[in-house]
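A.B. asks: Here is how the chains run, residue by residue.
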Amino acid sequence: MGMRSTLLISFMAIVFPATSSIAPSSAKQFPLFGKPLNVFGFASQSVQISLKGNHYHVEQGVQQALLTVFGELDYRPRHNMTFYVSGLLTMDLVYDLKHDDRSWNEKFFSQSRSRMYIDDRDWQFLKECHLTWKPGYFLFRAGKQIVSWGEMDFFRIMDQINPIDERRGFSDVEFETTIIPTWLVRAEWWPQLNLRWLEEAGLQFVFNPNIEFIPNQGLNTGNDYGGIWSAAAEVPNPVYDQIGIGTPTMYLGRPDLNRVVGPDNLDDAGFEYALRLSLMIKGSLLTLNAFYGLDNSPQLLLDGFVEDPLLSLIAGQPVPALGTASDGTSIVYPIFEGVYPRQKFVGITWTGNLPILITALGGVNPLIRTEVRYQFDKSYTDASQAVIIESDFLDTGIGLDWKVKIPALNPRAFFSVMPQFFYKRILDYPEGIALNDHPEKDDYAATLVLSTSYIKWRIVPQVALAYLFNTESHLIIPSLTYLRNDRWHYALEAAILGGQKPNTGLWLFRKNDYIAFKVKFNWG
Amino acid sequence: MRRTKGIALACLVGIFPAWSAWAVQPYHAPITDILAVKNILDDPAPFYSNCGYYRAFIPEEVWNQITFDPEESRALWEKAVGFRAPEVVGQIAPEIKPGRYTLADKNSYPFEALMTPYHYKRFNPPGTAGLPNHIGYFTEFEVVETRQLWHALPVGKATIENKGKTRLDEEGYIKHKTYVSGYPFPRPSGRHKAWQIVYNLKKRVSEPESAALYDLTVGVNGKHRIDHIGKGHYYWLTAEGRVMYPPYGWFDKRAEVQGERLILLYMAFSPRDLFGNAYYATLYANPMKDVNFLAYVNFLRRIRKMSSTDSQDQAIGQDLAFDDTAGFAQPIRPDRFPYEMRVIEEREFLVPAYTFDGASYLDTKDNWKWKGLKFKRRPMWVIELEQLDKNYIYSKRVFYVDRETLLTPLQEMYDQKGRYFRTMDAEYGVVEPLGFFNGFHVSTCDWVDTHCTWSFAPAYPALWLSRKDISLHSMMMQK
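Chains as they are written, first to last, in our numbering: chain A, 1 to 524; chain B, 525 to 1003.
No lab work stands behind these hints, which were simulated from the structure alone.
Fair warning: this is a prediction, and the values are worked out from it, not measured in the lab.
There may be inaccurate statements among the hints.
Stated by the list, open to error - Stretch-level coverage of chain A by chain B, calculated; a stretch enters the list once three of its residues show a Cβ under 8 Å from a Cβ in chain B: (1) 101-110; (2) 282-288.
Said to hold, decoys possible - Using 35 Å as the maximum straight-line C-alpha spacing, the simulated DSBU-like pairs for lysine-lysine come out as follows: (3) A:Lys-35 / B:Lys-889; (4) A:Lys-28 / B:Lys-895; (5) A:Lys-282 / B:Lys-777; (6) A:Lys-344 / B:Lys-699; (7) A:Lys-282 / B:Lys-920; (8) A:Lys-282 / B:Lys-701; (9) A:Lys-511 / A:Lys-98; (10) B:Lys-895 / B:Lys-920; (11) A:Lys-35 / B:Lys-813; (12) B:Lys-889 / A:Lys-28; (13) A:Lys-35 / B:Lys-895; (14) A:Lys-282 / B:Lys-813; (15) B:Lys-701 / B:Lys-717; (16) B:Lys-717 / A:Lys-282; (17) A:Lys-282 / B:Lys-689; (18) B:Lys-889 / B:Lys-645.
To be verified - Which residues of chain B face chain A? A partial, calculated answer using Cβ under 7 Å: (19) Lys-621; (20) Lys-777; (21) Leu-996.
The beta carbon of each residue, even a glycine, is placed where N, CA and C say it ideally should be.
Take these sequences, add in the hints, and give me the full structure.
C.D. replies: Below, the structure written as C-alpha cells:
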C-alpha cells in the first residue's frame, strides 16, 4: 500500500472518531468566512460469504470484505453558489484476511490484489469536486461531477455520460462507489415561458473536455484479474483437441488489455457533447436527449492468446500457454485489442401519473417511466471477436412505480412495487453471423423491486429480481435493512445468480451466490 | 405629449418602489445561525426576543416593508371575526385564574373541564396513568391572561373586502374560482359551517406568504432514545391570493395560468443519507387538480416524479404523512377519500398559549418534559371530519380550531380501527411586528406505535423568493 493510501487512511482514522463524538444536535456545520460549511460522511464494512461452497471461481467462506469510507463537504459562499467535494476510500479487506490462505492463493485470487484490494487511483479517491453557480434562470456546474439522465433503474439506457464501476459485483456496494464522476462542464437555462400547457422548460448542455479519460470499470475474466467477481467462462480447449495438451475445457484467465486504446487526456477525440431539453407538461416530465461522444466501454477484438514459446516453436504455429486452475482445469490468457467507439444517440424519456386509482389498494396512482434511445452505428463484434460490425440500435425501457396497501401484511406502511421491462433491438443484424454477447436481434429483460417498511422505516425488507430472457438468466437479491437510527444501519443481503445458457449472461456468475452482512455508520 | 409623459413618469415612479421591493437581494440565515439563537432541545432561550423577531436575519430595508401597524391590524381583525377573545372566555372553571400551576394542583382545580382531553392527558409525567412514554408531557405551566390576537393589516383588509365572495356548492365543496384573498370565512355559520372552517385552514397558512422555514426535527422512540434528527430548510411560496407582500394576487403569470395555490421546496441537510435530497410540491387552487410532487434523489442524481397521490405513507423517521402537512394538505374532494364534516363543540379551552418570546423547550434530562409552557383560555371550535372511505389511513380527524385566529393548534387522527392514532400539537409563535403566526414548536405523536417527532420550525419572510428559487433547477444546487 502506497504512501498516499497510508496518509488517507490515517486522515480518515483521525477525522472519523473525532466527528463521530460530536453530539447530534451540534450538526456538522461550521462557519467558514461567515458562510456555512457542511461536513458529512459514512463508513461501511460488509462481509460477503459464498453460498456455493468450494469451486474454483469462488472462495469458500468469506470472499469479500468491503470497507468504504466516504466524506463530503458542501460550502455555500453565496446564496446561489455551492462548492461540493467528496472523497472515497474503498478497500477489500479480504486480501488482508486471506493473504496467507492456501485456497485463496491456489485459486489465484491473491494475484488480483493490485486491481481489487484498494482503489488508490486519483480519480477513485477524489469522487466529486465541483462549483455550482445559479444566477437567475441559469445553472452552471464545472468540475468532477455526475450528470445522470434517464428514468430506469437496474439497466442504464439514456444514462451514458458517466462511466460506472462494476468490478465488485451486483449489489453489495454503495451507490457512491458505482457511478464514476468525470470532469464536465454543465450549463442549463430554464426560461419562464408561461404557457398553459407547459409548466417548466429547461435546456441542458454538457461538455466533456476529456481532462481525464475514465472508462467503465467492468467485470472481467480471470481470478487473477477480476478477483471473486471474475466471470466464470469455460470454453472448449482447441489445443486439447488438436494435440492433447491441457483439459477438454479451459477457463479464461487474466485478459491482456494493453492494446485497448482510449483517447489521450485532453485529446479532442475524447470530447463529448450532450444536450437535453426538459419539459414539465401538465405535471409529467418529458426530456429530449442527444449525445455525441465515446462509448464508455471498449469494443474488443481478440488478438490471440499468451503463447507458450516452446510449444509454439515446436508446432510451428502459436500455441497458447495454459495455466492450471486449482481444480485441474486449464486456463488460457486472451489478448485483446480495441478502441472506444464513437457513440451517437438521441432519445426520449417520459414520466407521468397513470389516471388509475383504486382506493381499496391504497389510493395511489401508478407512475409510468419510459425511455427510448436510438443509437447510430453502434459497434459490435462477431462471436469470435474477429471483426467489428456496426448497426443502429434501439434501446427501450418502461417501468411502473406503484404503492399498494396490504393491511394483512403491513397495517402501517405501503408496499412499493416497481416492475420494469426492457427491450433492445439491433436494427441491422447481419445475416448468417452471430454477434458477440448478442446472439439474437431482439433482447428482452425484466426487473421487479418489492419493498415495504416496518416500525417507522426502521426495518426495510426488499426483494429485487432481474430476468434476462435471451440468456435465461436470473438475479434475485433479497435484503433486510435495520435502520437503528440515522447513524447506524445494518443490512443482511443475499444474492442468487444463474443462467441456463453456458458462457452467456448470468450463467457466468452462477457460482457467486452469497450472503452478506453490512454495518454502516453515517456522520454529519 | 406632456400629459403622456406625465403618465409614463407616474407609472415609472409607481412601479419603481414595487420593483425595488421585488428585486430584493437574497438574505437567508444558515441553520447554524438559527440554532445559535436557540437549539432544538434543552434550550430555554427566548428565540423571538433574542433575534428580535427575525430582525437579526432580515435587512433593514426589507424589515420596513414587512411590518404592519399593530393597532390598525388589531382593530381590523376584530371587525373581521366580530369579537375579541378576552370577551368570550372565562365562563368555564372560572376558578382557574392566571398563575403558576403544577401537578400537585391537578386535582385541586377542574382542569379536566377546561383543558382539551389531549392536554389533560399530557398534564402528567410521561409513561404514567397508562399513557404512552411519549415526549412533551408537562407537569407545570403558567396560566396567562387571554389576549386578543390578530392577523396582519392586509390580511384583515382582504378578509373584510372579500367576505361573502367565496362560495361552496350544495355539498360543501369550495367553488375555487370564487376565492379571491384573505380568510374566506371569518365568521363561519350555516349548514356548512365545519367546511367553512376547514377551508380557512386550506386557503391561508400561518407562515408568511413568501417564507424561508426551517424544519429541525428530532424523532424519539418509546424508550426516549433519539432515532432521527432531521434538518432542512423550506422555501414556501403562496401563489394565490397574496396580500402581505408583492406581487399581490397571483404570484406571477405562471401561477395564474396554472392555478397554483402553494409551492414548496424542501432541501434536506440531515440525516446524511438524505443530504442533497430536495422535494418540490405544487398544490393547486382547484382541489381536483392533483399535487405535482417531485423529488431530487441525491444518490440517483436525478429528479424523480413521485405519484401525486402517494400522500398517506409515513414520512421517513416521522409521525405524519404528507396529507397531514401544511396544516392539512389532503385535498378535499368528493371523488377521493371524501369527508363528512361537523362542528361538535364550540367553547373555550385552556390550551398552550401563543408564544411571544419563543422560550419554551423540551428538557431531555427531565423525561423530555415540555417546559416554559404558558396556557391561556382560547375560544375554539372542535370539528370532526369523518372519513367516508374505509381504505384511508384515518377513520376521522378532529381539529381544534381557534375561533379568533382561525388556526389549528391541535389535530387528532384516528385509525380505521377507531384507535387514537396520531396527534399534532402546535405551539404557535406570534411574530408580532410582522403580523403572522408561526408553527414554532410542533409535537407529532404516534399513540399506537409509541413514537414522537419534535419540530422546531421557525419561519420568516423571504421577500427575495422568486420563481427561479423554487423550480426544477433549484433542486439540483446541493449535489
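A.B. asks: Failing hints, ascending?
C.D. replies: 1, 6, 11, 19
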